[in-house]
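Protein chains: 2
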Amino acid sequence: MNVLWIFAHPEPRSLGGSLRDEGLRTLRAQGADVRESDLYAMKWKAVVDADDFGRAASTERLIVGSTSKDAFRTGELGEDIRAEHEKLAWADTVIFQFPLWWYGMPAILKGWFDRVFVKGFAYGVQRPDGRTARYGEGALAGKRAMVVLTAGAPEATIGPRGVNGEIGDLLFPLQHGTLWYAGMSVLPPLTICGADRVSPEQYEAAAESLRERLRTLSTQDPIPFRRQNGGDYDDALVLRDELAPGRSGIGVHLAG
Amino acid sequence: MNVLWIFAHPEPRSLGGSLRDEGLRTLRAQGADVRESDLYAMKWKAVVDADDFGRAASTERLIVGSTSKDAFRTGELGEDIRAEHEKLAWADTVIFQFPLWWYGMPAILKGWFDRVFVKGFAYGVQRPDGRTARYGEGALAGKRAMVVLTAGAPEATIGPRGVNGEIGDLLFPLQHGTLWYAGMSVLPPLTICGADRVSPEQYEAAAESLRERLRTLSTQDPIPFRRQNGGDYDDALVLRDELAPGRSGIGVHLAG
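Residue numbers (the numbering used here), protein chains in the order written: chain C, 670 to 925; chain R, 670 to 925.
If you are wondering where the hints come from, they were derived from the structure by calculation, not from laboratory data.
Copies of the same chain look alike in the list, so a pair counts if it works inside one copy or between any two.
Below, a list of computed lysine to any residue pairs in the SDA-like style, where the Cα atoms sit at most 20 Å apart:
{"#": "1", "residue 1": "K788", "residue 2": "E680"}
{"#": "2", "residue 1": "K714", "residue 2": "F782"}
{"#": "3", "residue 1": "K788", "residue 2": "G821"}
{"#": "4", "residue 1": "K714", "residue 2": "E680"}
{"#": "5", "residue 1": "K788", "residue 2": "S683"}
{"#": "6", "residue 1": "K788", "residue 2": "G805"}
{"#": "7", "residue 1": "K788", "residue 2": "P823"}
{"#": "8", "residue 1": "K738", "residue 2": "S683"}
{"#": "9", "residue 1": "K788", "residue 2": "A810"}
{"#": "10", "residue 1": "K812", "residue 2": "L693"}
{"#": "11", "residue 1": "K788", "residue 2": "D865"}
{"#": "12", "residue 1": "K712", "residue 2": "P681"}
{"#": "13", "residue 1": "K714", "residue 2": "A725"}
{"#": "14", "residue 1": "K788", "residue 2": "D798"}
{"#": "15", "residue 1": "K788", "residue 2": "A822"}
{"#": "16", "residue 1": "K712", "residue 2": "G747"}
{"#": "17", "residue 1": "K738", "residue 2": "E753"}
Take the sequences, apply the hints, and build the full model.
Right under this line is the structure:
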């Protein structure tokens, strides 16, 4: 197993940092090959701009999508972006670990997706039949992804009827709209709640749940998001009337 | 009316840039005072780190929440962050305009929230009764917010049963989990679809819908998110059984 671990926490001496160390150790002990992108340690550039695209960026109006596609095709993307593409090509499994900030990713990780998931690579890829390859198909199809979160919120508040919204709904733009969009099979997230207030016993329980999830990385069932081109959506990419009839909301995009 | 316009697009000569110009012009013509944070033009620092917190950041482990609170209280926050606080204090209405990237904000805007919405200001504020002031209460209560989006996706695909998920669900972490969390009343978003492919007629229609929304900024009904401390949630901050009984998902957090 080739595992790429993307870590987006500013402080290695944090709960998140300890869990990252635990995770890497666990994976290596079970014989996996592991590589890491520690975004803060790498001083990862978070913001997309013309500098990312080399000579593909003209001095005229910057159109991010098409320019990124040109730069990807011609090898003009920034070296840091190309290095991440090489890691993604190598990996069969990718872990995304971050503290939940404002119910989403820290900017440095959002910027990893903004800069690495360029057009022609992670989106805007045509299939032979003219449909776009996305949601279960695409460059990253066949790879597995898992989100590992630390969150200050108590568990009930990110549960099904908790005030913050259910964690799967909060992660929908990432898990469905980004990872599944690009073709990855997404395992259920692991969320460690009550960060900054964990006792040694709670830490050990959190570490054990992480170890357990890592042991079963290759056998867990992914979240059953519907495939765009599997027959569930019509030509306008709207869910067919007979599926989840009369319903809307995030839940309709899960099969069964 | 004091309107702060937060703009997060790398290219002023874009559809987004034209709409921003149109919006500022419209507001000024109707007598509003307008200020702007053009994040790319300001070269806004997107990534939270110890440099944000001056002397409040020790050389020991960085705990972002408590350190940001200390720095906020002692006036040690970075000058760029304090300038945004001053603008927010001045504004009664804030527009957040961005291109939808991976079903969320560009990293530069996420980093604006990560760095500006510090503890003690936008979260972690106690009420006299010991409950935390959030979701309809807090530092920004009484102010209005509106999201203005440009998106490449066709409109049906971000509709109620569209493959990408409904736009209100995709924006829930921002509109509910960030803006409403900090107390702001959130108006329905304005989404301009088909960016990069708009004809002059489509542009004029988009500009007119923006102008119309800006004319009615102070009279539109906000999204009816439930208040945390209004009686709908129990002491564990879980929605009471008798409200939206048996249901879960983002929709349960809207009243009525």
